[in-house]
Amino acid sequence: MKILVTAKRVEDPESKIKVKPDGSGIVPEGLKYKINPFDEIAVEEALRLSAAHTGDVVVVSIGTKDVHEQLRHALAMGATKAVWVNHTGALDQLAIARLLQKVVEKEKPDLVILGKQSIDDDQNQVGQYLAEFLGWSQATFASKVEALDSDAEKNKQPGLKLTADKKGLTVVREVDGGLSTLECSLPAVVTTDLRLNQPRYASLPGIMKAKSKPIEELTPAALAVDVAPKLTVTKLSSPPARKAGIKVADVPALVEKLKNEAKAF
Amino acid sequence: MNSGFGVFQEEHEAFRRTVKQVVDRELKPFVRAWEEAEEFPLALYRRFAELGFLGLKYPEAYGGTDAGYLYEAVLHEELAKCGSGGVAAGLAAQFTIGTGPIHLFGTDAQKRAFLAPAIAGQKIGAFGVTEPDAGSDVAGLRTTARREGDYYVVNGAKTYITNGVRCDYVILAVKTAPEKGHKGVSLLIVEKGTQGFTVAKKLKKLGWRASDTAELHFEDCRVPVTNLLGDENNGFFQIMGNFAWERLSLALGAVGAAEDILEQAMRFTRERQAFGQAVAKFQVVRHRLAEMATDLECARQLTYHALKLHAAGEYALAQTAMAKKVATEMCCRLADQALQLHGGAGYMQEFDIERHWRDARLGPIGGGTSEIMNEIIAKQLGL
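Sequences listed follow chains R and X, in order. The working numbering puts the first residue of the first sequence at 32, with every later residue one more than the last. The working numbering puts the first residue of the second sequence at 20, with every later residue one more than the last.
It is worth saying that the hints were derived from the structure and are not from the lab. Check the hints yourself; a few may be wrong.
Derived BS3-like pairs: lysine-lysine, alpha-carbon spacing no greater than 25 Å straight-line [claimed, not checked]: (1) X:Lys202 with R:Lys63; (2) X:Lys202 with R:Lys47; (3) R:Lys63 with X:Lys199; (4) R:Lys51 with R:Lys274; (5) X:Lys300 with X:Lys39; (6) X:Lys398 with R:Lys47; (7) X:Lys39 with R:Lys244; (8) R:Lys242 with X:Lys300; (9) R:Lys274 with X:Lys300; (10) R:Lys96 with X:Lys300.
Computed footprint of chain X on chain R; a stretch qualifies when at least three of its residues, placed anywhere within it, have a C-beta under 8 Å from a C-beta of chain X [as the list claims (entries may be wrong)]: (11) 101-107; (12) 210-222; (13) 238-248.
Each residue gets a CB set at the ideal place from its N, CA and C atoms; glycine is no exception.
Turn these sequences into a full structure, and let the hints steer you where they fit.
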C-alpha cells in the first residue's frame, strides 16, 4: 500500500515568536523551524502502517528550498521518497489543497495522512478540502484507544487499521468527551490528532540513508495550479497581556468574584 | 543567529535534532531526581546503546556505526544541555575514556571482550590514571604491576575515577617498570570481581553529582597478561593519545552547557520584571548578555578549529589544550554571570543555574587542569 504524507515547515514553538510592530508578520530573527508536529505524527503513522502492510511512504512539502530540511527529516524517519513543490511566498489553504490534489493524482497513493492542522496558523482545513477535491473518504482527528505510554504503543501498533478485506480503514477519532470509531473505504484522507502516536527519532543510519533518497522537484506551474491567494492576512497581533492574579480571602469571596467579575456563570 | 559554520554538515545537524529530542524527552525530565539520588539508572547505558550513541566512532565489526568524530562532537554538545554535568559525564565516559584506549590499542580479542559489550551498553568501562599522589604527572604514578608468570600483580590506589563504582572493568595506568619513569607505564584492563580489586568509596562532590566517582584499591590483584593494552611500557603515549579526545570532548561539553546557560539567562531576564520593565531591557543587562554570547562564540570557534584538526587526523596538541582551557573557563564565567543575572533565584535549587554553576567548575580541573594545559601549550611553543 502506498501512503502519501505531508511535512510542513513551521516555526519551532520553542523559539521566541514576536509579531512585527506593523502587524504584517512575525519577526524572523532568532527563529528556528521544525516539521509541523501533527505532520510528524502523520509520518510516524504512515511508517507503521506501511511496515505492517509493506509499501512506500511518499512525503510532500511546499515552500522554498528550506523545506528540504523537513523532507530529509521524514526521509530519515523512514519515508521512501520526497516531493518538493518549489514555491516562494504565502499560500492559502485552498491553494495548498489544490497543489496536494495534483501531487496525489500524480503519485496515486491509497491513503493520504496529514496533520489535522499546522501549528503556525492553526487553520485545520487542508485535509478536508483535499478529500473533497479528490472525492475520497475522509476521517479527521485520528486518535488512538491505547494510551501513548501503553505497551501497545511501545510495540508500535498502528493506530489506523486496515479492515479485514483490506479495502477500508478503521479510524478512531477524538471527539468532544470521548472517541468515535469510523470505518471508511480506501482511498481516503486521514488527519492526525496529537495522541495518535509518539513519533520515532530519526536514527543515525536513517539520517545517512536519507542523504541518498530522491527529492523530486515540482512547481505550481508544472502542476497547473493557480495559487493566487483568495484569502489574505490583513494583520497579526499578540494576544493581550494577562493581568496579574489576585488572592481571595475565602470561598464565598471567590464565588462572588467568579459570578460578578469573571461572569463565569 | 546561525552557528553552523563549516564544521558540521546537514546530516550532523539532523543528528543534532535527534539527540536534542532524546535529551528533552528522556533525560531532562529526570535529571533533578537523579542529581538528588546522586546516580542515574544503569538502564540509560542500554538505552543509549539502542540509540546507537555509544559507538559513533567505533567500527561496525564491534557494534559501532563508524560515523566519526563529528557526530560524537554533536552528541557531547547536546548531552551537556540535559542540565546535569554528572549525567552527561557518566554517559560520555562510556564512549570516550572508558572505551577509547581499547579501540585505539586493543587486540581483536580485547575488543570483542570489552569494546563490543561496552558499545552494546552491557559492560561499563572506566579509565583510571589519577592517584591520591599523582595525576597529570603520569611519571609519578605509584600503582605497580609486577609480572609473575602469566599474570601482573597490581598494587596501589586510584582516585576520582568516573564510573568507578559501577564499572565492569577499568583501564588502569600502572607502573610495569617503576625505575623508568614515564617510560615504565602500561595500561591494563582490570575486571571488576578480580580478587584484590575493591571500591574503597564513592566520593562526594561539589557538582557532577549524578555521576559516580570512586576511589579504587588494588592489593595483590592478579590480572592476566592478555589484558595488557598494546605494548608494555608504552602507556604514557597511550594516555596522552587518549587525552586528546577527552579534552576536546570536555571543551565541546563546555560549549554545549554554555549555550544552555546563555539561553536560560536570556529567558529569565526577558521574563523578570524590575522597575517597571523586563530586566533584559536595561542596557547593562543587554550588554552583559551580548558579552556572554561573544565569549561563548570565541570559545566555540577555537574548539571547532581544534575539532576540525582532530577529525582530519592531525595531532593538534596545542590547539586542543587551548580549546579545553578556553572553553571550560568560559563556561565557568558564563555560569557565574548567568547566576548573577538570576539574582536570588540563581542561588536557589529551583532553577538549573546553580547546578550549572557547580558543574561547570569541574571543567578547568578534570582531564588535566588549566595549569597543565598551559604547560602543554608552553612546551609546544618550545619554552
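Evaluation of the provided hints:
A C-alpha spacing of about 53 Å is found between Lys202 of chain X and Lys63 of chain R, which places the hinted pair above 25 Å, so the restraint is violated. As the CA atoms of Lys202 of chain X and Lys47 of chain R are separated by approximately 56 Å, the hinted pair breaks the 25 Å bound. Only pairs whose Cα atoms come within 25 Å are accepted, and Lys63 of chain R paired with Lys199 of chain X is rejected, the gap being roughly 57 Å. Taking the CA atoms of Lys51 of chain R and Lys274 of chain R, the gap is about 23 Å. The hint holds against a cut of 25 Å.
Taken as a hint, the Lys300 of chain X and Lys39 of chain X pair is broken in the structure, with Cα atoms around 30 Å apart against an allowance of 25 Å. With a CA separation close to 47 Å, the supplied pair Lys398 of chain X and Lys47 of chain R exceeds the 25 Å bound. For the suggested pair Lys39 of chain X and Lys244 of chain R, the alpha carbons sit about 24 Å apart, so the restraint of at most 25 Å is met. About 44 Å separates the Cα atoms of Lys242 of chain R and Lys300 of chain X, which puts this hinted pair outside 25 Å; it is violated.
For the hint pairing Lys274 of chain R with Lys300 of chain X, the CA-to-CA distance comes to about 20 Å; that is within 25 Å, so the pair holds. Straight-line distance between C-alpha atoms of Lys96 of chain R and Lys300 of chain X comes to about 36 Å, which puts the hinted pair past the 25 Å bound. Check on the stretch 101-107 of chain R: 3 of its residues sit with their Cβ under 8 Å from a Cβ of chain X, so the three-residue criterion for coverage holds. For the stretch 210-222 of chain R, the stated coverage by chain X is not satisfied: 0 residues place a CB nearer than 8 Å to a CB of that chain, which falls below the threshold of 3.
For the stretch 238-248 of chain R, the stated coverage by chain X is satisfied: 4 residues place a CB nearer than 8 Å to a CB of that chain, which reaches the threshold of 3.
Hints 1, 2, 3, 5, 6, 8, 10, 12, counting from the list given before, are not met by this structure.
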